[in-house]
Amino acid sequence: MKAIFKKPSYSSPPTTRSRKLEIPKGLWIKCPSCGESIYNQQLDENSRVCTKCDYHFAMNARARLQLVLDPDSFAEEDAGLEAVNALDFPKYTERLAVEREKKCLKDAVISGTGRIKDMPVSVAVMDFSFLGGSMGVVVGEKITRAIERGAQQKIPMITFSSSGGARMHEGAFSLMQMAKVSGALMRLSQAKLPFISVLLDPTTGGVTASFATLGDLNIAEPGAMIGFAGPRVIKETTHQDLPKGFQTAEFLLAHGLIDKIVHRKQMRATLASFLSCLTKK
Amino acid sequence: MDSSIQVLEFEKPLAELERMIAHLRSHNNQHDLKVEKEISNLESKIGKLRSDIYSNLNPWQRVQIARHPKRPYTLDYVGLCFEEFNEIHGDRLFSDDQALIGGTARFQGEAVMVIGHQKGRDTKERTKRNFGMANPEGYRKALRLMKMADKFGLPVFTFVDTPGAFPGIGAEERHISEAIAVNLREMFAVKVPMLCTIIGEGGSGGALGIAVTDRVLIMENAYYSVISPEGCAAILWKDRSHSAKAAEALKITAPDLLKHGLVDEVIPEPVGGAHYKPEVAAQNLKVVLAKHLGELKKLPLERLIELRFEKFRKMGSFLEKR
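Protein chains in written order, with my numbering: chain D, 1 to 281; chain H, 1 to 322.
Chain H on its own, in the form it takes in the complex (with noise of 0.2 Å):
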């Protein structure tokens, strides 16, 4: 695939250098011009202009950081993250849906339920993934898993990386928001330990239908919408080049949802984002969610429950008049 497009607008200015480091380098082993310290200097140049860009981004970048091409998807975290992953496919009832998945694993020994939606990196995997946008199947999918995970005493892992549920004629037909509006219910009921990643996006109610957990987690750079940017500038300005401002007026990026008590905590990425260093990302969302099980696991499952209702029933504020 052609690289020059996974380059984001604000990434340039270190994708030029980028180039300018290589381009030395090349003529530097061809014909020994002795510009080690040339080169030197401008990595130095470039990690400082790296995290100065990383520490002053706008949401709207935020948008395009988490939309990454090369950002890890569910799959890469479970794969670094967890062991012995063993997908369980399809809802036992019409198909097996590719945009969410979900399977057994082991986090740290210990048997676990994972479920997230999943993107594809070229042209062919995306199509399969539909572009992480899951059909009503994908959420019965997930309940079943959930389910299976409450008999059998799993703590459930959720990952949320997708635009939205998928708009089509069929995910009508099969009644998508019956089934997002289930997960939403039953989700109440599962007696273990459930955590929700934001990982990439969080688009609405798709991504809503399986975040509805005791702890609900994001990744720095991720964002958690009620409507995509775009749909929002379309609705209030009629214009989809007013994205960025919607981006901004809907309070969607990682601080800010953790500022209005909507996230519990956030989880750094490396300088650079989740794709430059998916490793170290993965380290670091592991040592949150290791700390959070621990803690979700000493409370009593009823307990467990309770707040689980507890902390969404008191999201929002309200002016009450007499």
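Same shape as in the complex, but just chain D (with noise of 0.2 Å):
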């Protein structure tokens, strides 16, 4: 009976290392906001969003590719990166082999190549199920790499973000990679090449106070948490009560702090409208 009711479980498409889909996975998710029991299969095949109330579910760094590029456009770059515990952080070199194994994932991120409706992208998407799609030197070095890769090829940079923020166990490293990746949109800017920050549940800490609010345009998916300070540090902080819908993508957009809020079905055919403005295509 308990499996029924088991923490969601992310599917994801076969990749050459299709371990992932030897896992055994509840056959059931209960939607966190409406309670509805959902068949695990029919979600996938929604996009991993809720069939009655339009909840959005998280989705693993793969899938949102191939969900938002054209079929097979994908060309994965860096993908040999690896973090170090240059700090000898305690237990971080267990802990990056445990997620490594577990999440067949090399890091938070999952950079490349890709197109949009035949328009050339560089795309970086974020994975929250790795350490908490904290930022370390390796999602720095990703993301600035596909940022600079835009830049050099003239195409498009599309993030794609997901994270708790900057990466504790990389103490000071972590931090800069902030500035890092913002020196290279920076220049970007200065080729004048779009970029386009896609936001979603849940970004906070350094990742939306560098590249996930430097977008020419900030896109949210629908109820995605997002802000600077978790709710509970505000909380102890100020001993006040939080606005209701705080730091919901909803808050933000009535405050102007969004640019959009688009659902998951529609994003790709959004990003693609934009891009071929932007690009004057």
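Simulated from the structure, these hints should not be mistaken for lab results.
Fair warning: this is a prediction, and the values are worked out from it, not measured in the lab.
A couple of the hints might just be wrong.
[As the list claims (entries may be wrong)] Here are the simulated lysine-lysine pairs, DSS-like style, with alpha carbons at most 25 Å apart: (1) D:Lys91 / H:Lys321; (2) D:Lys102 / H:Lys321; (3) H:Lys238 / D:Lys91; (4) H:Lys191 / D:Lys192.
[What the hints assert, rightly or not] To give an idea of the interface, some chain D residues facing chain H are shown, with a C-beta separation under 7 Å as derived from the structure: (5) Ala86; (6) Leu87; (7) Ala166; (8) Met168; (9) Gly171; (10) Ser174; (11) Leu175; (12) Met176; (13) Ala209; (14) Leu214; (15) Phe228; (16) Ala229; (17) Ile234; (18) Thr237; (19) Thr238; (20) His255.
[As the list claims (entries may be wrong)] Computed far set for chain H versus chain D, every beta-carbon distance over 10 Å: (21) Leu24; (22) Asp32; (23) Trp60; (24) Phe152.
Every residue gets a Cβ at the ideal spot worked out from N, C-alpha and C, and that includes glycine.
Put the two chains together into one complex; each comes in its own frame, and the hints tell you how they fit.
See the structure below:
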């Protein structure tokens, strides 16, 4: 009985490393928003959006690429980059090994080039399941390279962010990735190439306070939690009750902080439309 | 204010000796006890003890010094190292953030721009300065001043001393993330020499928001970290009492940061910390600032900002497998 209400597990499309497919997963998932029980496969077929209330479930990076890019257009880059424990941070090496094994990812971002309705783009997609999507040196480096690739090939850059912030285990090195990525974006901006940032649930801390809010367009998925400080920290510091819907995409839109909220199923078409306008195609 | 609360745990033996000396002095004056020799013995003992304590500080003790209520703040250093500071207020959008201040000044006669976090000394000023935690307006004011400096060719000096950007409702509503992010990007295009000094607390994104500069210098007992030791301990060990362990793991001290190439130079503090002899600390700072400014001024401006990007571009190591 318990298995029915198991935590949602993300199914991934077949990749070269298909180990994950052998892991048995919950057949049913309960929607945290409306309580509806949904057949897992049905959820996948519906882009992991609740069939009843439109709640957007988390989606892994590879599935996201498949959803947004033209079929078979994605060419992954920098797949061989791996984090090192430069500070000898307690248990970090072991933690990395476990995450890599369990999540079938090398780190919290997948990057490369692809096409959206035949328009070439440089793209980086974060995966929250890997150490909370935290940005350490590898995430910073891969995103920086993706931006530089965009600048070099004169193609637009798109990021999909989902992150708890800078990676604590790499100390100030993680902090400096915020500067590094932002510097690369300055160069892309000077080259007058578009950068679209898509903010997914959740995007917080050092990722929000760097590239994720630096888009020519900053777009969010419905219901995404987006902020700098976590709600608990804000509550503890200010001893105030948080306003209703605080730090949701809808709250940010109402305050004029993001440009648009786009439903997952309209994301590809919306991106294509913006891209074609910004590149005058 | 009660001075006893300003004595750090590891400084207590020093405070005890100082108390004894004061006691002897007052008795000596009253009763002519001829204890001059004893006093001078104690004084030399205190000097040795101070230098012993301060040459063996652990990371957590340094954090305590960085947060010392008597530690020199931005305006203290500005007063001691610069002349003619003329504060410029407000972001011209919403308010004037008193936790992050700035203005024009002269450094060894040369016109410059100064920007820094400012903490308060007493309860009233602490509230006014929001404990050095800036709101979005502070970062937007800082950027406004940097762009003005760019326009008129003034070198920029920034001073970092913040536990972090303010985690408040209003800060989020006015987009603190975006304010910091825009600074990170725009600082790469400010075409004048820029020097940052971490003088006390270098708290995460709130610190970095004014620290993307050609030189990043740090006072010997200051720290610079991605997360506070308390925050790290709460996440990692579910317990803030492990802050000392976290401070060690995060490698946040000036010597550690220098070793990892994250700062360019450590500015020595007098034995006993910058708060013990602020004038000495300021003099050391001034010498180092003058040296680096001199070096930066020799570079063509295009080259200067190219090097600024390269500096941050190469921070952090990783493995690259084929």
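Exercise. Would the stated hint for Phe228 (chain D) survive a check requiring a Cβ distance to chain H of less than 7 Å?
Worked result: 4 Å, holds
Problem set entry | Restraint check for Lys238 (chain H) with Lys91 (chain D), where alpha carbons must lie at most 25 Å apart | 15 Å, holds
Exercise. Can Ala209 (chain D) be said to touch chain H, with a Cβ gap under 7 Å?
Worked result: With a minimum Cβ separation of about 4 Å from chain H (threshold 7 Å), the hint on Ala209 (chain D) holds.
Problem set entry | Satisfaction of the Ala166 (chain D) interface hint, Cβ to chain H closer than 7 Å | Holds. Min distance 5 Å.
For this session: Using 7 Å as the Cβ threshold, decide whether Ala86 (chain D) counts as touching chain H.
Result: Holds - the Cβ of Ala86 (chain D) comes within 7 Å of chain H, reaching about 6 Å at its closest.
Exercise. Taking 7 Å as the limit, does the beta-carbon of His255 (chain D) come near enough to a beta-carbon in chain H?
Worked result: 5 Å, holds
Problem set entry | Restraint satisfaction for Leu87 (chain D) [CB to CB of chain H, less than 7 Å] | 5 Å, holds
Exercise. Given Gly171 (chain D) was flagged as interface, is its beta-carbon under 7 Å from a beta-carbon of chain H?
Worked result: With Cβ-Cβ at 5 Å, under 7 Å, it holds.
Problem set entry | Lys91 (chain D) paired with Lys321 (chain H) [C-alpha distance capped at 25 Å] | Distance of about 23 Å is within 25 Å: holds.
Exercise. Taking the least C-beta to C-beta distance, is Thr237 (chain D) closer than 7 Å to chain H?
Worked result: 5 Å, holds
Exercise. Are Lys191 (chain H) and Lys192 (chain D) close enough, with their CA atoms no more than 25 Å apart?
Worked result: This hinted pair holds, its Cα atoms lying about 19 Å apart.
For this session: Return the status of the interface hint for Ala229 (chain D): holds when the least beta-carbon distance to chain H is below 7 Å, violated otherwise.
Result: Given a least distance of 3 Å, the restraint on Ala229 (chain D) holds.
No hint from the list above goes unmet by this structure.
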